[in-house]
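Novice: Take these sequences, add in the hints, and give me the full structure.
Chains as they are written, first to last, in my numbering: chain C, 1 to 486; chain U, 1001 to 1095; chain D, 2001 to 2492.
Be careful, since some hints might not be right.
As the list claims (entries may be wrong) - Here are the simulated BS3-like cross-link-like pairs (lysine-lysine), alpha carbons at most 27 Å apart as the crow flies:
no., chain 1, residue 1, chain 2, residue 2
1, U, Lys1066, C, Lys297
2, C, Lys115, C, Lys235
3, C, Lys452, C, Lys468
4, U, Lys1042, C, Lys130
5, C, Lys297, C, Lys375
6, C, Lys130, D, Lys2249
Calculated from the structure, these hints are not laboratory results.
Model, not experiment: these values are computed from the prediction.
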Amino acid sequence: MNYETVIGLEVHSHLLTESKMFCSCSADYINAAPNTHVCPVCLGMPGVLPVINQQALEYTVMTALALNCTIPEYTKFDRKNYPYPDLMKGYQISQYDTPISIDGGMDIEVEGQQKRIAITRVHLEEDTAKLLHRHTPEGESYTLMDVNRSGVPLMEIVSEPDLRSPEEARQYLIKLRAILQFLGVSTGNMEDGSFRCDANISIRPLGRTDYAAKVEVKNMNSFRAVYRALEYEEKRQKEVLEAGGTIVQETRGWIEERGVTVSQRSKEYAHDYRYFPEPDLPPMAFSRTWVEELGAKLPELPDARRSRFTQQYGLPVYDASLLTTSKAMADYFEDCIGLTEGPNLEKRTKAVSNWLLGDFTRLLHSTVTDISDCKVTSKHLMEMLDLIEKGTLSGAAAKTVLEDMFSDGKRASEIIAEKGLTQISDEQKIVQVIDEVIAANEQAVADLKKGKERAKTFLVGQVMRLTKGRANASLVNELLKEKLEG
Amino acid sequence: MKLSREDVLHISTLCRMSMSNAELERFQEQISNILENFEILKEVDTTNVPPTAYPPPLENVIREDKVAPCLPQSDILANAPHQEEGYFRVKAVLD
Amino acid sequence: MNLYDLTIHQSHELLKNGEVSSTELTRAVLERISKVEEKLHAIVTVTEELALRQAQQADERIRSGDSTPLTGIPALIKDNMCTRGIRTTCASRMLENFVPPYNATVVEKLGDAGVVIVGKGNMDEFAMGSSNEHSAFFVTHNPWDLGSVPGGSSGGPAAAVAAGEAIYALGSDTGGSIRQPAGFCSIVGLKPTYGRVSRYGLVAFASSLDQIGPMTKDVTDSALVMNVIAGYDHRDSTSVNYPVPDYTKALSSDLNGLKLGIPREYFVEGMQKGVEEVMRTAIAKLEDLGATVDWEASLPSTRYALAAYYIIAPSEAMANLARYDGVKYGYSYDGENMWDDMEKTRQFGFGPEVKRRIILGTYALSAGYYDAYYLKAQKVRTLIMQEFQQAFEHYDALITPTSPTVPFKIGQKVDDPLQMYLSDVCTLPINIGGIPGLVVPAGFCDGLPVGMQILGKPFSEETLLRIGYAYEQATDWGQQRPPILERQNDAS
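Specialist: As structure tokens, then:
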């Protein structure tokens, strides 16, 4: 039987506010010593009261607007009651029946097709403290608690179950993260927990429109983990159904190292959150003018920037899409273009895009570097491209040069000088090397004469090898042709 | 409204407060008795009456996003029943 | 006259004129405490050292000519308001050793005014109760009859002020916790409009009902304390940014032009005959003073207030008390595992009345019962508020009894929660309505105090104080001091 996968995502994102959601402690908890960003309010001491952070409200409304949501006139906070050691007050200040926004949608692109994913709601709440698991020397486990994270503003974005594959889920997350980053409201960092995702997934026979029992998947700490966990869960559910079993509605945790999801039955504990309006916080009524003003202030979002990149720079849609998946990359690209002058703009633009999406991205990934920490400034990258254009540096050698620029932050010209990597465009020198290569590869020369094109590639490669990639590649081709074809 | 033993046990789990058998029985009886007296509310016609959760007519009470000093770690931990290396300590919290 | 029997304004005159020092006054109060406390048990923690230090500072301040009407005057703070460095127990095992690292806003304000804190007042655990019998530590006795309760939950502060263990006190009132004990101990108690006084640092019982207010020997003192504690606080989002008047300016000795309503629903079934008689005499006195009295006022939803209150208050309390889990502060049980620790911490840390309310609140909000209980109660709350609003279109104030009975005997109601709840029947609608209520001594019945409750629309504290003051000037109930205690002291 053919099945259809149904996925809905619940994303929690920290907001880039200075202070916490309901008190004035610094919200920048990640690098702080334990329990040093804490006051009586976020510790939930007897007698304390919350006060709403205006910036967190604004960021949430901005996000809601960017996700095409409706902002109702009235919103309030509610208490969500569930005793747990990491929840300081025994309840979380969250939003229940009157979230800040509802009924939005976001377009994603999968295999060239645009698809709108409906957004159920975007609301605001507070984060919990952090629990760390430890063992005594005797092997007994216990838990330590750091309250710094307690009270950090947390925005929740819930999608409708409109996603139909793990790839769609991944695209949704990439797009959503880009929007939050473009808005400047979130770092979008999944690894440090600033941007988290839980998924609801079920499968149903193709053609059915009702929803089957869904499984909630948690503990996914990267985009890749979300993709893998959903792929695993999709397969697992299919196997259960095909073996004649039924899917149990439950929560399952993704175990990265083993690549499996496992049931978390303890989380099934009788949930009855007993929501009621938070009496310590008067309700809110957003004036339409205020909402419109915020809407007018929204920065350029990924979709807009992508189409601008295609129009303004003549980039292919593919390049423009990739360059705009992260705000940092899009900014870097435009920094580079800003340094470019002269008639070659369009050619240079494509070259910048190629380098950024090619070797530059590869190096970022392989060294796990954030673009903001990258040692290669846009200026340095443009200098390298200038050297290539001038013929000082060959394309092949530039790959090596870029690696060095990445690792030690030096400029291309310095590296070229140090390593003697200046491009060889002197015909005489190249002919000398070609002669050596011809002498040493009789078979290949014979093959080439018989018309085997691969032999030519081989011979050019040998010339490049002997010159350590410095030879001007087009010159080599030209001269080799002259030599052997007469 | 009479509370059953199971009702009281369920409540006890929800609010994470254990009870002795004697307490359970006493609360079952007392709370049932109190709830019976609440039946009077059924008399009130509240059709089209909105609920009130907040007494003062306040709206949009917010603060600027500004950081103020926190308390020293020693103050935060001063009342902690158990602590270790600057953290609160509890028995293992298992998922 | 004994120094400890002075009011705030009397003390201030003596201090200002240099006739007595704050240190002398404070010593007199501390001596009084050491003499009567073993009979009253009104104070959880006596802060002698702090008091004497603050008195010394106050004396310096007075000498430098920088004193306020509260400078150097000994006060008792109910033990549910956070005091930095002084344990704040809420009369609960749960917080027996809890020392807050911060001050409640009201404590901070009194501090700025030059307060002398002599101690923390006993109360029903977490302010839940009407007799002080639910204190986890000891029962406070009524200074007018040591066999009777002082009322609750601010029973400690009420008894202490009546007996001269403090010149004044701060209490908190969620359903009558300032007013009922004030009535039972024959002192003046004011529950301000919700939002008038900051709740920051007041350990929450029911957040939408709690309010801090003065407990004093007379109405002038009440006005003086209000002048200091009232006002907007950026730490309390429910505090109202509304100008604070000089409340003493409202005090005048006639009631000409005031229209008073007597809501008949407050003269409830089962009301003690003597209490009703005292009330009728008191109301006649208000007429003598120039007020117009309408005996036909009516607030029909009053009969539903008790049920609505005992749904709303426990629901909020259920959440407010969820933080006591033995992890961050307070009592912590050492059990078999994390959940066992938490569940037994709460089993052994809370007393029976607190547990009853947690159970009640958990039930009223739980799936399937929310609409019938919590939501219904919030709708009834709307009706009660509307009725008050309509009544205050006709009347400047409403006059009611404070409690249906005089102070009852210790042990009489402690095992019957419903009977205990009924003793708040005249005071709790006021919290539901968010309006202010002032209680002043109105006489005695069988030698025990009866308080008159004066109600007004939101932010009409000045009118209430004016009525209370005029009545106080025309009667001498407020000047009587508990005789039973003195006799017993003389005998010893």
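Novice: Each hint should be assessed against the structure and marked as holding or not.
Specialist: To see whether the hints hold, each was checked on the structure:
1. Pair hint Lys1066/U plus Lys297/C holds up; C-alpha atoms about 21 Å apart against a cutoff of 27 Å.
2. For the proposed pair Lys115/C and Lys235/C, the alpha carbon gap of about 24 Å is at most 27 Å, so the pair holds.
3. Proximity of Lys452/C to Lys468/C is assessed by CA-CA distance (about 25 Å); at most 27 Å being required, the pair is judged to hold.
4. For a cut-off of 27 Å, the pair hint linking Lys1042/U to Lys130/C is broken: about 45 Å separates their Cα positions.
5. About 32 Å separates the Cα atoms of Lys297/C and Lys375/C, which puts this hinted pair outside 27 Å; it is violated.
6. Restraint check: the Cα-Cα separation between Lys130/C and Lys2249/D comes to about 53 Å, which exceeds 27 Å; the hinted pair is violated.
This entry does not satisfy hints 4, 5 and 6, going by the numbered hints stated previously.
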